[in-house]
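*Asks:* The primary structure of each chain is shown beneath.
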Amino acid sequence: MNVGVVGAGDVGSAVVELAEAYGHAVTGFADSRSAVVDADGIDVASALSTKRTEGTVGSGDPEAVLDAEYDVLVEATPTTLGDAEPGFSHVRTALERDRHVVLANKGPIAERYGDVRELEAESAGSVRFEATVGGAIPVISTIEGFGTSRVDSLHGVLNGTANFVLSRMSAEGLDYEHVLAEAQDLGVAEADPTFDVDGTDTALKGVIVANLLFDGEYSIEDASVDGIQALPGTLLELAREDGQTIRLLAEVRNGSVRVSPRLVPVESPVAPTGTHNAVQLDIENAGQMNLSGRGAGGVETASAVLTDIGRLSGKQTKR
Amino acid sequence: MSEADSTVQSYTLRLELVDEPGELLRSLQPIAEKGGNLLSIFHERGNVTPRGYIPVVVDVEATPDRFEKIVDALSRTNVNVIQAGTERYSQELTVLLSGHLINTDFSNTLSRIQETRSATVTDISISAPQGSTEISSARIRMATQSGSKNEVLAAIREVAEEKDLRLVEPLVTGGHA
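Protein chains in written order, with UniProt numbering: chain H, 1 to 319; chain L, 1 to 177.
No lab work stands behind these hints, which were simulated from the structure alone. These numbers were taken from a predicted model, which means no experiment stands behind them. Among the hints, a few may not be true.
Quick look at which bits of chain L chain H covers, simulated, 3 or more residues with Cβ under 8 Å [claimed, not checked]:
#	segment
1	95–106
2	133–143
3	158–171
Selected chain L positions facing chain H (Cβ under 10 Å, derived; list incomplete) [as the list claims (entries may be wrong)]:
#	residue
4	I126
5	S127
6	A128
Think of the CB as a built atom: it goes at the ideal place given N, C-alpha and C, for glycine as much as any other residue.
The task is simple: from the sequences and hints, build the whole structure.
*Replies:* Set out below in structure tokens:
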């Protein structure tokens, strides 16, 4: 497959770097300021090295990649709330050209699910978004595999930064501020970790799952969200004395999405340590199903993107 | 007193005791003092609960109002009443609270939970590292009647919101909470 990639952060760059190993050619690559396009495949090494040294991927207009020759457009620009732009317009352009779209950006599928599905219905292309929930973990394809109507609920940890903070606080008896600063030093938390610790990122993932399970047009406005900011260390201590711990959980059940710090047994399958994610699905006839693994990281998330591209290449475009 | 209240009936009490000498005797005293007739005691020494308590099953004969007094007296001691007669406090529920617990009348907070009549507080642990006027945290363990967890949690949520306390709820899975 020929792949166009919009977004040159950790995920977009890793997709470009790994595409060849998965049997695909990158025909276009853009960051917010520049682009490189070549119908025969771009020079990946050169584009990535220019990104590192100059901060741009090439000399072209970033919009050029949208009109380039590709079978699949990978949308890996940063997640935005509300109108989900510019990601949503990228999705629209590709679908209107009857091309497939693979999203790593949560915005379009969390905030404008109905609009995306409408565009998809009109297009010969399909939309996939495995990478938006749980990084490398196949949450979306597991749900689709069993059938969205047979999955009753999902709950679990979907944000590695918040999980790192809570598990360190619990293991070391350290304060929230201390552990958060440490996470930033380690690069586990971003300079502005607001969306990770206030539950927004987890909620977006919960909303995406709700859109699948309940076939609805959920957005972040429909989620009840409570974060872990300034959680007192004494709470984790009291939990530990009782053989329990606290995790920031997403709960998608009975048509609702809820994100909140919750008390769970230490040995619970939804109490991973460090930056890992873990979810439990309740599936008709199959029972409880646990999935866990790496929920973030450029290469890990790129692996989910490339798996989606693989699924799309298994079926011909409808055109 | 109604007629029914003077009829002696037999009741089963399920208790959890701290694993310390004298605890069994201490737990039986209120039964004798409040006019209950002890029928049998089953002390499951080999079967310690995850938190290190020892389960005890006591069969007792008493009038309904005397039995109520026995349960009240037991609840005031260190004894966890898991089941009293037909009132089955079978499900355990633990929550964490933090905030100005002491300044917002902690005993009132606990009474409000008990008022749901579906929960009985069985264990409390408070951590106030900076003294009682600063932020403190508490772990509250309750025995709830089966099927009433959501009702009890709703009541706790209401108290927490009113008193501006941070509540950490347990994960309650399954449709039969």
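*Asks:* If you count the residues of the segment 133–143 of chain L with a beta-carbon closer than 8 Å to a beta-carbon of chain H, do you get 3 or more?
*Replies:* holds (count 6)
*Asks:* Can you tell me if the segment 158–171 of chain L counts as covered by chain H, using C-beta to C-beta distances under 8 Å and a minimum of three residues?
*Replies:* holds (count 5)
*Asks:* Hint validation: I126 (chain L) versus chain H, beta carbon distance must be below 10 Å. Holds or violated?
*Replies:* Constraint on I126 (chain L) satisfied, holds at 8 Å.
*Asks:* Apply the coverage criterion to the segment 95–106 of chain L and chain H: a residue qualifies when its Cβ sits closer than 8 Å to a Cβ of the chain, and three qualifying residues are needed.
*Replies:* It holds: at least three residues are needed, and the segment 95–106 of chain L offers 3 whose Cβ sits within less than 8 Å of chain H.
*Asks:* For the hint on S127 (chain L), does the least C-beta distance to chain H fall short of 10 Å?
*Replies:* With a closest approach of 4 Å, the S127 (chain L) hint holds.
*Asks:* Is the hint on A128 (chain L) kept, meaning its closest Cβ partner in chain H is under 10 Å away?
*Replies:* 8 Å, holds
In this structure, every one of the numbered hints holds.
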